[in-house]
Amino acid sequence: PARGRPPTAPRPLPGGGAMIEFSPRRWLLVPSLGVVLLLTLLPLPEWASELRPPWVALTLLYWILATPERVGVFWGWAMGLLLDVSIGTILGQHALSLAVMAWLMVSLQRRLRLYPPFQQALAVLLLLLAERLVSLWVMGALGQPTPGLPYWLSTLTGLLLWPWIALLSRGQRRGYGLG
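The letter at position 114 of the sequence shown is residue 114 when you use my numbering, and the numbering goes up by one with no holes.
What the hints contain is simulated information worked out from the structure, not anything from laboratory work.
Owing to the predicted nature of the structure, the values given are computational and were not obtained by experimental measurement.
Every residue gets a Cβ at the ideal spot worked out from N, C-alpha and C, and that includes glycine.
There's no promise every hint is true.
Across the chosen pairs, the derived CB separations fall in these ranges [as the list claims (entries may be wrong)]:
(1) 167 x 126: 19 to 27 Å
(2) 146 x 116: 17 to 25 Å
(3) 30 x 146: 34 to 42 Å
(4) 87 x 141: 29 to 37 Å
(5) 109 x 151: 22 to 30 Å
(6) 44 x 110: 33 to 41 Å
With the sequences and hints as input, model every part of the structure.
Structure (structure tokens):
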């Protein structure tokens, strides 16, 4: 890179325009969200479907915690809409619940970064419960039947997975120079 410019700044072209450079630092977020969307769509046996981790919610929480200047409520809303379209739920159900969860995480982000992942897991559990509660509220407002106890099991799966997701992702993020 030329002096005086950060390594990810676009290079000027001879005509005065700028060329956008591919930087893994900038593009790590989108593939990770695409992978977790695919993990959410993978078919599971009937007995395991209620235990499916909330991959999209966990990944959003991680990225908001790691890079709050890049990921926030908009990403929660956008991933929620993609999730609604992908799994065939009411358009906006997951968008609203993930946006509320993202807003809560943005509000708590500075405090939660101070704790190790095993202690963050309790806050993540509460955020996942809030996401499920908003989704439940939307279902109730639309007159859908109230789901039973298995509806809440994915939050426990998320609680158990959070420390491992945070620790593994931290190494990946640092490998790409994201802090």
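Hint check:
Taking 19 to 27 Å as the suggested C-beta distance range, the pair residue 167 and residue 126 conforms, at roughly 20 Å. In this structure the hint that residue 146 and residue 116 lie 17 to 25 Å apart at CB is violated, the actual value being about 36 Å. Between residue 30 and residue 146, the C-beta spacing of about 35 Å keeps the proposed range 34 to 42 Å intact. Distance hint check: the CB atoms of residue 87 and residue 141 are about 19 Å apart, inconsistent with the given range 29 to 37 Å.
Evaluation of the 22 to 30 Å hint for residue 109 and residue 151 yields a pass: the beta carbon distance comes to about 27 Å. Under the hint 33 to 41 Å, the C-beta atoms of residue 44 and residue 110, about 36 Å apart, fit the expected range.
Of the numbered hints given earlier, the model fails hints 2 and 4; all others are met.
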